[in-house]
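Trainee: Take a look at the letters that make up each chain.
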Amino acid sequence: MTIERKEIEKLATLSRLAIDEKTIADVTGRLSSVLALVDQLQSANTESLQEISRPFHTSQRLRDDQVDETDQRDAFQAIAPQTHNGLFTVPKMIE
Amino acid sequence: MHNYTIAKLIKGLQNKEFSSVELTQHFLDRISQLNDDYNAVITVTSEQALSAAALADQRLANGDAPAMCGVPILHKDIFCTNGVRTSCGSKMLDNFVPPYDATVVENFARDGAVMLGKTNMDEFAMGSSNETSFYGPVKNPWATDSVPGGSSGGSAAAIAARLAPGATATDTGGSIRQPAALCGISGLKPTYGRVSRWGMIAFASSLDQAGPMARTAEDCAIMLNCMASFDEKDSTSVNQSVPDYTASLGNSIKGLKIGIPKEYFSEGLDPGTEIAVRKALADLEAQGAQLVKISLPNSHLSVPAYYVIAPAEASANLSRFDGVKYGYRCENPKDLQDMYCRSRTEGFGEEVQRRILIGTYCLSAGYYDAYYGKAQQVRQLIQQDFSDAFKSVDLIMGPTCPSPAFKFGAKGDDPVAMYLEDIYTIATNLAGLPGMSVPCGMVEEKPVGLQIIGNYFDEARMLNVAHQFQQITNWHNQAPEAVQ
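So the protein sequences, as listed, match chains A and B.
Number 95 marks the last residue of the first sequence (my numbering); no jumps.
Number 484 marks the last residue of the second sequence (my numbering); no jumps.
Here chain B stands alone, though its shape is the one from the complex (with noise of 0.2 Å):
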């Protein structure tokens, strides 16, 4: 069963071939057995889960079962989670258990999922590798010394790992589609606005963005159908009808127009890493796709606006954390300056605190207009060139990462090398467009992502677009060998 997508699994569920509690502890035993190895699961919610399913059973054995109904997922600890620990993957929250659910839990819940506990990622969403985690790094199923990338390299690796059909992720610079990249599944950051931002740990918030991973195109149009929604209690929630996402799938992808940014195939890009992702666009042309070359002239400075804003914006939301009403407060304070200064130092780790004060320094007094401003009115140059390139084609196609999972520790030293790993995926937060990773290849066993960047609100024709690719290839059904 744990081979099964999400599509395959609600119709074995409705075909009564197998019920929900079976299927929940199918995969609660696949985690007992196998997590140890990958480190990707860090709350396991397994008596909650079992009740959860054994309602399922009885909605699919009354015929009211909503959508999702008896599907185990996982949720990234980013999401707040009722009577559940959210962790955050920092010491700082280590001892948070919230008392409401994010609206994408309550969505989820809603469409009758089962939570089968919690996901690591890297502390406060902060990495591109998984290895800023209070909880120890997660490791990539497909080479285990290698990262999973991030910050959702937990619910990547847990689907790369078969120890769930699908999870929960939240894109804040390439935090959806790198991993899902670096892992071989498949994951979509939706349009900012889309899916509500209510009890989602707040990171960068004009940049965050939830989105689904799961092994196919189709789960991805399943799970956001769930996912996205107009919700009053976030206020840049975007108030525009949901499609059915799963509709448009079997669209034929003739005549598309796909826009081949040249600066997406410059130097820096992996020669492995270029020859699986043209062989991928050649497949989609063979379909009946149109190639046509583009430029985003202003893509070399999206990495540098990218760590002007979020760091900024981090260090204004993170500053919530100061040990007076909830998650980690020092011992023994003796004063009150000393319980912020200590709790904070001892809470955060040390790339949250690196950007605390890259933010701290953006915006303060003599350098807030060069840094801060700068960043903002360079933003509009990128929305720019992304709005001119849509004006000519319907999807903009390149790679998702440089290259294909690097080992642990080997951008350690060096923030700004870590940091161009996202060269690919940080002007689309910054935009505000959406974008996708698809599995379209492997270099050295390990796994390259295809990224697909939509116009806003385009989801359903990127989903349909990598849907027919899933058609045509295999790569989204390979599982490494170790957990097959």
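So that you can see chain A by itself, here it is in the shape it has in the complex (with noise of 0.2 Å):
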């Protein structure tokens, strides 16, 4: 299966990411090529398989519901590009 530039474009907008006009011919063809190595899916019979998502039939553990963290916000935020007053900020996104 071949990709359209314009899924290409739509497929950026979703990862957002952004494609320069210069390798968007050049990314479709590659994601064509996984796209037609993927394809080779369709020929398997799953008729009546289940999807599993894990290696293994184990069931997923749950932790009680308490509080059992602690407060480390400097540290983390220590970390962060940019902070105000123990907030971490972004660029202004209301008018």
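Keep in mind the hints are simulated off the structure, nothing from the lab.
Please note that the accuracy of each hint is not assured.
[Unchecked claim] Cross-link-like lysine-lysine pairs, in silico, PhoX-like; alpha carbons within 25 Å at most:
1. B:Lys391 - B:Lys91
2. B:Lys262 - B:Lys279
3. B:Lys262 - A:Lys10
4. B:Lys325 - A:Lys22
5. B:Lys325 - A:Lys92
6. B:Lys411 - B:Lys91
7. B:Lys293 - B:Lys391
8. B:Lys334 - A:Lys22
9. A:Lys22 - B:Lys91
10. B:Lys325 - B:Lys233
11. B:Lys279 - B:Lys293
12. B:Lys254 - B:Lys293
13. B:Lys233 - B:Lys257
14. B:Lys91 - B:Lys334
15. A:Lys10 - A:Lys22
16. B:Lys262 - B:Lys391
17. B:Lys391 - B:Lys257
18. A:Lys92 - B:Lys411
Reassemble the complex: the two chains are provided individually, in unrelated frames, and hints are given to aid placement.
Mentor: Quick look at the structure:
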């Protein structure tokens, strides 16, 4: 299956990535070749098979619904790109 | 000392033949002299290492030394290390200094190992050649014009170059076994859930598994004893007791049934590699093992299924890198969307972006059932192949990779050619099974790996047969001339 340029642009928007005009043809070609590879899956007879999302059958362990972490705000904010008064700051989004 | 195995170093430290400070300084000196040739280590923690070594010497003197006390190792730069940069081979995390240790790192510290530094890797573990690292490619110590494999290529090359006796690594589709094979060392990917993923930067969460790399199977067993643990902090960690993996190394392999899948010896396998692997199998047969022909009929679907599931999980996992809380943020963003988009586009390399796009495609409305749902069903077919095979054999063996190390740039233009490098290793990740690679020959002066696949939690048996193989062969003792 080949992928259209328009679809690549939509995927880039969904992925929050920018693809510049110079490389879009190249990216389209390479993604199409990967999709041709994964299209081989369509030949498999998977009727009545369940989808498995984990390597083997174990139930997802749940912890008790209690706070068990200590406050490490200062440690985590020390590595943030920008903070102000204990908050993570981002560019203004509401005029 | 750099030619000693971990087992021999532990004895030497306990018998006071050398101190941990001497040993650590020796490896730090080697890294400083040789690393420029290989680019295997991207962060050296000299001061921290020497302090840890001095503490280890005290514990050795006091007689309360834990299992790996004073042994220097390297950590793949995918494991978070408190106060030490953890880049995952990416510009995105070039400035990331975690305020905590991964469980694997904690386990090694608990057992007295000394961290020398962090190893280079493919960006976010996405690659089979180490060419995607933000810090430049790692060179294979056996042939510096060739790749070391990936994504744990830095760990594998460092061990082959005797910059450390052991290193941690991770394997999502072959990232321990393939570089181990191409660099002529031993490496083990344990059963999914055996080793905690907490603090290990996520690529594809249902496939990622950490494991040891060292020169010998015995050293991998010593390291796995330390790495394997049940961890409350990883919801997929398996609460099952950890055996002493060194205890059964000496067992006889007489009567062991080894399955040889016909699909692993078909078109695409380099003839020299096939000869080396078949010779290794004959060596094991001569020791009393029984070779049984088997079939894994859905093998051809493993690469396509992997390249849906892994990018899908990666696209979700990597959405956390948005320039807000940590990691790279672009300069002067004009608004929030611009900040997300430029931080990610400038911070991620080409292969990572490609996989995010593929994953987003496979998960998007209208394509989910055809790709992601189908791949998850195929995963069951692949798992069933293995479970049928293990009804009649104890282990499965074949080549780790289709050919020895290839030259830089050889597969650069074609992502699919690179993906096929992992054709023999990917199925075990999809099934969650343990896999191992041990050196078993040389082709054109480059190492070849024998892959050993075990049933769930059967690492002890795999290590036993690998150790027995290394008692009758010398491939694991070979070293590139420049580093001897």
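Trainee: Are the Cα atoms of lysine 325 of chain B and lysine 233 of chain B separated by 25 Å or less?
Mentor: With Cα atoms ~21 Å apart, lysine 325 of chain B and lysine 233 of chain B stay inside 25 Å; holds.
Trainee: Can you confirm whether the C-alpha distance between lysine 10 of chain A and lysine 22 of chain A stays at or below 25 Å?
Mentor: This hinted pair holds, its Cα atoms lying about 17 Å apart.
Trainee: Take the C-alpha atoms of lysine 262 of chain B and lysine 279 of chain B, compute the straight-line distance between them, and say whether it is at most 25 Å.
Mentor: This hinted pair holds, its Cα atoms lying about 16 Å apart.
Trainee: Is lysine 91 of chain B close enough to lysine 334 of chain B, meaning Cα to Cα at most 25 Å?
Mentor: Satisfied, since the Cα-Cα distance of roughly 21 Å is no more than 25 Å.
Trainee: If you draw a straight line from the CA of lysine 92 of chain A to the CA of lysine 411 of chain B, is it 25 Å or shorter?
Mentor: 44 Å, violated
Trainee: Does lysine 91 of chain B sit within 25 Å of lysine 411 of chain B, going by the straight-line distance between their CA atoms?
Mentor: 23 Å, holds
Trainee: Would the pair lysine 334 of chain B and lysine 22 of chain A pass a check requiring their Cα atoms to be no farther apart than 25 Å?
Mentor: 23 Å, holds
Trainee: Checking one constraint from the list: CA of lysine 391 of chain B to CA of lysine 257 of chain B, max 25 Å. Satisfied?
Mentor: 11 Å, holds
Trainee: Given the hinted pair lysine 325 of chain B and lysine 22 of chain A, is their Cα-Cα distance within 25 Å?
Mentor: Roughly 31 Å separates the two Cα atoms, so the pair is violated.
Trainee: Hint check: lysine 325 of chain B vs lysine 92 of chain A, CA-CA at most 25 Å. Holds or violated?
Mentor: Given pair lysine 325 of chain B, lysine 92 of chain A holds - Cα atoms ~16 Å apart, limit 25 Å.
Trainee: Straight-line Cα separation of lysine 391 of chain B and lysine 91 of chain B no greater than 25 Å?
Mentor: Measuring from Cα to Cα gives roughly 47 Å; hence the hint is violated.
Trainee: Tell me if the straight-line CA distance from lysine 262 of chain B to lysine 391 of chain B falls inside 25 Å.
Mentor: 17 Å, holds
Hints 1, 3, 4, 13 and 18, counting from the list given before, are not met by this structure.
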